[in-house]
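**Q** Each chain, written out:
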Amino acid sequence: MKLLRWIYPSLVGMLLGLLQIALFFQLAFTLSSSVRTFLMITVCWLVGSVTGIRVARHLLWPLNSFVVLAILAYFACVLLLGIAPFDTELWPIYAGFIVLIGLFPGVFFVRLGDYYSAQVLFFRENNGFIIGLVSGTIFFLLFGRSALWTMPMLMAGVVILCTTAFFQPLPHPKGDNDDPFFKPLMEIKP
Amino acid sequence: MMSCLNGIIVLSLLLNLFQLCSISDKNAPLSILHVNWQQIASFLIVFFSGANLILIQWVMTREVTTLLLGTELVILLTSVSYFMGVSIGYLLAGYINRRWLPVLGILTLVLHLTLPVTFRLLVTWLDAQGAYGAAFLILPLLTPFVVSMFYSIFLPHLADDGKAGLGSLYLVELVGAICGVGVLVFLADLGLQTVYVIYSIGLLAILISLGIRSWLAAFLIAVTGLWLLVFPQANQWSNTLWYTTLLGLPEGTRILFSGYSPYQKVDVLELPDGERALYLDGLSHFEGSEGIRLNIIVGEVPSLLIKPQSSLVIGAGAMQTEQLIAAHGGYVTTVELDPMVADVGERFFYAYNDMDHLTNRSVVVDDAKHFLANATMQFDLIVADTPAAFSIQPATLYSVPFYQSIHDHLSAEGIFIGNMTSPFVPGEDVSRRVAASVLQVFDEVIVITPASVGWSFIIAADDLPFTRAELEAALRQTEETQFSIFETVAVQAIVGDAPPITLDSMDFVLQTSLEWITERLHWGDD
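First to last, the sequence lines map onto chains G and B. Residue numbers for the first sequence follow our numbering, beginning at 1 and rising by one. Residue numbers for the second sequence follow our numbering, beginning at 191 and rising by one.
Bear in mind the hints are in silico, worked out from the structure with no lab data behind them. All values reported here derive from a predicted model rather than from experimental measurement. Where a beta carbon is used, it is the ideal one built from N, C-alpha and C, also for glycine.
Okay, the calculated bits of chain G under chain B, using three or more residues with CB under 8 Å as the criterion:
1. 28 to 35
2. 43 to 53
3. 108 to 116
4. 122 to 128
5. 134 to 144
Here chain G stands alone, though its shape is the one from the complex (with noise of 0.2 Å):
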């Protein structure tokens, strides 16, 4: 357990790290390498996560769905790309792919305030970030694009067995919630 709170927020931010830079090169690959993909990718992920700061605690979802809404926004792009590629007209779309992807940071970060030191929590995250850009670029060069499809599945996988084991034992402040839509949701302090 000790380990898995030591390491938690770096293996989040490896798979931010991977999606971010999975995206930009599927992106860049099949829609256009033009500074409008760039630009598209960095506001649409801060929007994202702006609007995830402003749900963390509104929108009482597991976090773990956040994670999931998010791998399943990145494969919808990568589809999107298979089925138009190169089709701009579908703009829009990607941009909204994009901001369901970075609502996960977002309410990453103030739900996990509540457990670590704002320090701490950015610090590890960002250690992760780092490698998950460099290890997604080094891998794409070796690997190729089976890499922008393989890693983030895998991270992303390795986050929600973690997220689950992270909340686990944690007493939920609330007690049992019978509601069968929303469950128990530990991570969330009142």
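For chain G, the structure is supplied; the task is to place chain B on it using the hints.
**A** Showing chain B alone in chain G's frame:
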């Protein structure tokens, strides 16, 4: 599309204002009247930190990439170095005494406003000591401490200090970052001085929010204002020094234009003999009469052979190739990714490209892959005069899917000619892989290596509409006396088992990037 982006940025600005009026983490909206000034100062600090981190990254990336003569590994090294600084800032946040922050801030103001000048002087000095290679170690080591560390201290420092909730502070910092991007989108065209004015306002606002004394604030504002007034001259002087000392351009070389485009640093130089040169990220793209032979091979030679009625040139630069094709009649379209390159090509190189006279040509600013994928017209001649594949994006322009796209846009009698950026010989992996890629798409391929250029060019079509003898005659007609020609079978033999370049086999970028850096590390050894 840009209007959508503008909308997002305006929305974010509004959100920021809203957020400043409602800053509780516990969902209880507060009136701005209930927010104390200390809290407002905290939000101002993180807002301008977010914005300035984006602005200084924009400056730093272009300068460091240029100083280290950018390749994919340099780009990666620069990014890692920048983010390491962010990590160091986070780490320091828990230990740093608040009294030190204004001191660090003033130091940052000095270092950042002089960054392009000081980094150039440092690298020039290293080169003078015969240690240019040390720049590959020193710049990445300096960057985290000099560039990105300062701003990342604040968010965790203020959050852990209980000045405001982490969520609120992070949100305001992100909105600041969005505004930073907005500044670059709307104002970067006005030049580095303008960006620096906005950047300085942000940093001075942080210093004032940190509580520096009013006389010190007034002094810093005055000194910053004075520096920004003389900055263009200092920038020009250090840039000229860098080109004449490090790249060995003759004394008397003048910088006619220097700017940061969304993609790279663009410099236009005038040499003492009146010739003009174009440098992109510090790498020569066109250098007066030396560049003319290359343009003759890719422009005039194919035009003599097929008299194209419609041509497409991929990559602008000095746009002399276009002039050489347009002079034979027919319409020439140039597609160029970087609007700044297209602009300087038109404004500064008209002596080479007759842009002010010829009417049968036009420039489209677009990604060539995107342009071809959406274009319906066919071309008699497509010329690819693209940068060498030192990084991933240019490397995609040497890949099978891109050549397929070119193939699909050639008319029945059309031909493709591309610059291989290296000699086509058995031991040269890049040119062999480029040829392997072209062979995947076209039935007939010819590689020519003119002695006047020193590297090879590839000509391809499904059925080349000229003979080898006609090609030799065209080369001689353009005063090319020494050259070698390899026809399809010979090209296949030299290519051997070299794999074609695809989006799944970009490993050669890593290799060329490493070779390029190794070569630079040994500069001055002789």
